[in-house]
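Q: Chain by chain, the residues:
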Amino acid sequence: MAKNLSGDLQVASANRLSDGVVVWLDDAGEWTTRLDRAAIARDGRAGEILLQRGRTEAFSVIDPFLVAVTEEEDGSIEPLSLREKIRASGLTFDAIAADAVRYA
Amino acid sequence: MPDTYFYHYDSYDRTLVSERVEQFRDQVRRRLAGELTEEQFKPLRLTNGLYLQLHAYMLRIAIPYGTLSSRQLRKLAEISRKYDHGYGHFTTRQNLQLNWIRLEDAPDALAALAEVDMHALQTSGNCIRNVTADHFAGAAADEIEDPRIWAEIVRQWSTLHPEFTFLPRKFKIAITGSPNDRAAVRVHDIGLRLWRNDAGEVGFEVIVGGGLGRTPMIGKTLREFLPKNELLAYLEATLRVYNRYGRRDNLYKARIKILVHEVGVDKMRADVEAEYADTRDGLLGLSNETIEAITHQFAPPPLPHRSAIVAEVERQKLEDAAFALWLKSNTAPHRMAGYRIVTASLKPAGAPPGDASAVQMEGVADIADAFSQGELRVSHEQNLIFPHVATEDLPAVYAALGRLGFAEANVGKITDIIACPGLDYCALANARSIPVAQRISNHFSELARQHDIGDLKIKISGCINACGHHHVGHIGILGVDKNGVELYQISLGGDVDFGKTALGTILGPAVTADKVVEAVDALVTTYLDTRAAGERFVDTYRRIGAQPFKERVYATV
Numbered sequence: 004m005a006k007n008l009s010g011d012l013q014v015a016s017a018n019r020l021s022d023g024v025v026v027w028l029d030d031a032g033e034w035t036t037r038l039d040r041a042a043i044a045r046d047g048r049a050g051e052i053l054l055q056r057g058r059t060e061a062f063s064v065i066d067p068f069l070v071a072v073t074e075e076e077d078g079s080i081e082p083l084s085l086r087e088k089i090r091a092s093g094l095t096f097d098a099i100a101a102d103a104v105r106y107a
Numbered sequence: 040m041p042d043t044y045f046y047h048y049d050s051y052d053r054t055l056v057s058e059r060v061e062q063f064r065d066q067v068r069r070r071l072a073g074e075l076t077e078e079q080f081k082p083l084r085l086t087n088g089l090y091l092q093l094h095a096y097m098l099r100i101a102i103p104y105g106t107l108s109s110r111q112l113r114k115l116a117e118i119s120r121k122y123d124h125g126y127g128h129f130t131t132r133q134n135l136q137l138n139w140i141r142l143e144d145a146p147d148a149l150a151a152l153a154e155v156d157m158h159a160l161q162t163s164g165n166c167i168r169n170v171t172a173d174h175f176a177g178a179a180a181d182e183i184e185d186p187r188i189w190a191e192i193v194r195q196w197s198t199l200h201p202e203f204t205f206l207p208r209k210f211k212i213a214i215t216g217s218p219n220d221r222a223a224v225r226v227h228d229i230g231l232r233l234w235r236n237d238a239g240e241v242g243f244e245v246i247v248g249g250g251l252g253r254t255p256m257i258g259k260t261l262r263e264f265l266p267k268n269e270l271l272a273y274l275e276a277t278l279r280v281y282n283r284y285g286r287r288d289n290l291y292k293a294r295i296k297i298l299v300h301e302v303g304v305d306k307m308r309a310d311v312e313a314e315y316a317d318t319r320d321g322l323l324g325l326s327n328e329t330i331e332a333i334t335h336q337f338a339p340p341p342l343p344h345r346s347a348i349v350a351e352v353e354r355q356k357l358e359d360a361a362f363a364l365w366l367k368s369n370t371a372p373h374r375m376a377g378y379r380i381v382t383a384s385l386k387p388a389g390a391p392p393g394d395a396s397a398v399q400m401e402g403v404a405d406i407a408d409a410f411s412q413g414e415l416r417v418s419h420e421q422n423l424i425f426p427h428v429a430t431e432d433l434p435a436v437y438a439a440l441g442r443l444g445f446a447e448a449n450v451g452k453i454t455d456i457i458a459c460p461g462l463d464y465c466a467l468a469n470a471r472s473i474p475v476a477q478r479i480s481n482h483f484s485e486l487a488r489q490h491d492i493g494d495l496k497i498k499i500s501g502c503i504n505a506c507g508h509h510h511v512g513h514i515g516i517l518g519v520d521k522n523g524v525e526l527y528q529i530s531l532g533g534d535v536d537f538g539k540t541a542l543g544t545i546l547g548p549a550v551t552a553d554k555v556v557e558a559v560d561a562l563v564t565t566y567l568d569t570r571a572a573g574e575r576f577v578d579t580y581r582r583i584g585a586q587p588f589k590e591r592v593y594a595t596v
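As you go down the protein sequences, you meet chains A and B in turn.
By this note's numbering, the letter at position 42 of the first sequence is numbered 45, and the numbering carries on one by one without gaps.
By this note's numbering, the letter at position 380 of the second sequence is numbered 419, and the numbering carries on one by one without gaps.
Next up, chain A with everything else stripped away, as it sits in the complex:
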């Protein structure tokens, strides 16, 4: 069961400049590809600070923004919106492989 579904929890996300890959800002102020390492802002004010920090660390990323997340009992987090879930988890179907002649 989700520990916090209030929508107050937020993480800062962006796309990496060099390849567009989805990244999150961690506690050390570094951009990471791992959502589980994202720094969590637990209220609106903390969110503003997190976003500001992301913007100051934006040399290697594009347009940081806040993503509303939920937090499970075990501390894992998941974006609330489908769009952000897909950004975090990737395609919701299997893309065809380069050497494939059949869609699996």
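It should be emphasised that the hints constitute simulated quantities derived from the structure, not laboratory data.
Be aware that a few hints might be false.
So the derived list for chain B, only partly shown, Cβ under 7 Å to chain A, looks like this [claimed, not checked]:
id, residue
1, E77
2, A95
3, R120
4, D463
Taking CB as the label site, the calculated pair distances span [unchecked claim]:
id, chain 1, residue 1, chain 2, residue 2, range
5, B, H335, A, T36, 49 to 57 Å
6, B, L83, A, T36, 25 to 33 Å
7, A, G47, B, Q62, 37 to 45 Å
8, B, G584, A, E76, 52 to 60 Å
9, A, D102, B, A466, 27 to 35 Å
10, B, E485, A, E81, 35 to 43 Å
11, B, E485, A, S92, 27 to 35 Å
12, A, D102, B, E574, 38 to 46 Å
13, B, A313, A, D102, 52 to 60 Å
14, B, T569, A, R45, 53 to 61 Å
Derived EDC-like pairs: lysine to aspartate or glutamate, alpha-carbon spacing no greater than 16 Å straight-line [stated by the list, open to error]:
id, chain 1, residue 1, chain 2, residue 2
15, B, K356, B, E431
16, B, K81, A, D22
17, A, K88, B, D520
Owing to the predicted nature of the structure, the values given are computational and were not obtained by experimental measurement.
All C-beta atoms in this analysis are idealised placements derived from N, C-alpha and C, irrespective of residue type, glycine included.
Let chain A serve as the given structure and place chain B on it in line with the hints.
A: Coordinates of chain B only, in the frame set by chain A:
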């Protein structure tokens, strides 16, 4: 065999494209070095077809008027393998999108494209976009004239046209040279239809103000008959009027369709003709020499005489039901007896519509070399076409396509679904398209049933921008987001056939993602229960109206 039987780049084209590659290489270097901000860089990358989507950059590659050589397709496969994830997505604008390009690789990818006279210019921005054309161009039995000659002339005129680089909004032109409109000319900013008048002259019907998106509209005739050599001057006049009066205050009202709707087609025509009176005797009049020079480049390939009736084909038709269905749905009449136009279906059961792996692209290129003069077309319905296949080669082509997974006998059928990339890829989307298409495709995968259902076009868009053309689907499906839940709005009765172009009508409340297949099944069942002899789905809908469909769908879902 020459490399292509279509336009060859000259030194001017090559210089232009290679200069742009090097300019972009420097722009990327400056961006990565922090010398350009994203705000400064974004319009530069978009000008070169590089978008930022949800997970990565996407490179949209122009395939002018949907015509490709086998050599070009092999290069696309190579680029997809070297710089992307080894597959590409053919789009409703006859382009190819690579979904996982790294910014630092983009200049090299563009340089590789330039090696085969390709680029990504004008695949974004408020300019004249890649001109689209009938995908059977140069081969169709019903063709009056090859529209690619005119698409190429328009391409040359519109490429980096200084006056039309910053239009109020993007501008799409489609051209057909056949009475059977396979280019959807009435739903483009300008549609051009070649036709022959009573005097036997061939000219253009100029259609303006069509479009899909947020405010779908069917284009209106601006000029019933335009002599061909006046095409560019008339287009220039039309674009000038749009550039002058098109709205720039509201993104959603900036397309030419809104201008035509607001002022009326008569006023639009008067303004264009007034502008044209000033420009018609200028530099844009097309000389016969110019037209002939371009026409010469599209000279039909030399096709030797071949028999129209081939015993082996007839035998296989009788023995192999799937082959017989494939002949019926995936081949079309060629202008020359003894040849057929073959469509490779990029819609195998359950696959993302329009996607092809690098290996599949190379396999298609091999088939084109062996059996179709090295030529290919991309259709706006997201399939690939072999324009010139001898009837006697059809079994071999069928077998080769089967090995690639592209021999599904479903062209024009319920699983030949158009779908935009949707929320799985697209930064603008509200809902997913591809998984919905996959579920419908799997549900109706049985070929005999598909052929019993007959011609039925399902078109799916993941947002109101309508890249999946849902407004003109016999069944249109539009994904919307309602409080974080994907819902799908169903419309019926859309069509792009010439003389029957219609926008679909919304059936009723949107359905949830898990009910879309049931809803489509209910629509199909209603049609099967009520159709008269010879009626397609859309014909039955036109005859009996929405109510029986509506009742069945909402009793089901």
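Q: Now tell me, hint by hint, if it's right for this structure.
A: Here's how the hints hold up against the structure:
1. E77: holds, 5 Å
2. A95: holds, 4 Å
3. R120: holds, 5 Å
4. D463: holds, 5 Å
5. B/H335 <-> A/T36: 49 to 57 Å: holds, 54 Å
6. B/L83 <-> A/T36: 25 to 33 Å: holds, 26 Å
7. A/G47 <-> B/Q62: 37 to 45 Å: holds, 44 Å
8. B/G584 <-> A/E76: 52 to 60 Å: holds, 54 Å
9. A/D102 <-> B/A466: 27 to 35 Å: holds, 29 Å
10. B/E485 <-> A/E81: 35 to 43 Å: With a Cβ separation near 38 Å, B/E485 and A/E81 satisfy 35 to 43 Å, so the hint holds.
11. B/E485 <-> A/S92: 27 to 35 Å: holds, 32 Å
12. A/D102 <-> B/E574: 38 to 46 Å: holds, 44 Å
13. B/A313 <-> A/D102: 52 to 60 Å: holds, 59 Å
14. B/T569 <-> A/R45: 53 to 61 Å: Once the Cβ atoms are compared, 59 Å apart, the range 53 to 61 Å for A/R45 and B/T569 holds.
15. B/K356 <-> B/E431: holds, 12 Å
16. B/K81 <-> A/D22: holds, 14 Å
17. A/K88 <-> B/D520: holds, 14 Å
Every hint from the earlier list agrees with this structure, and none is contradicted.
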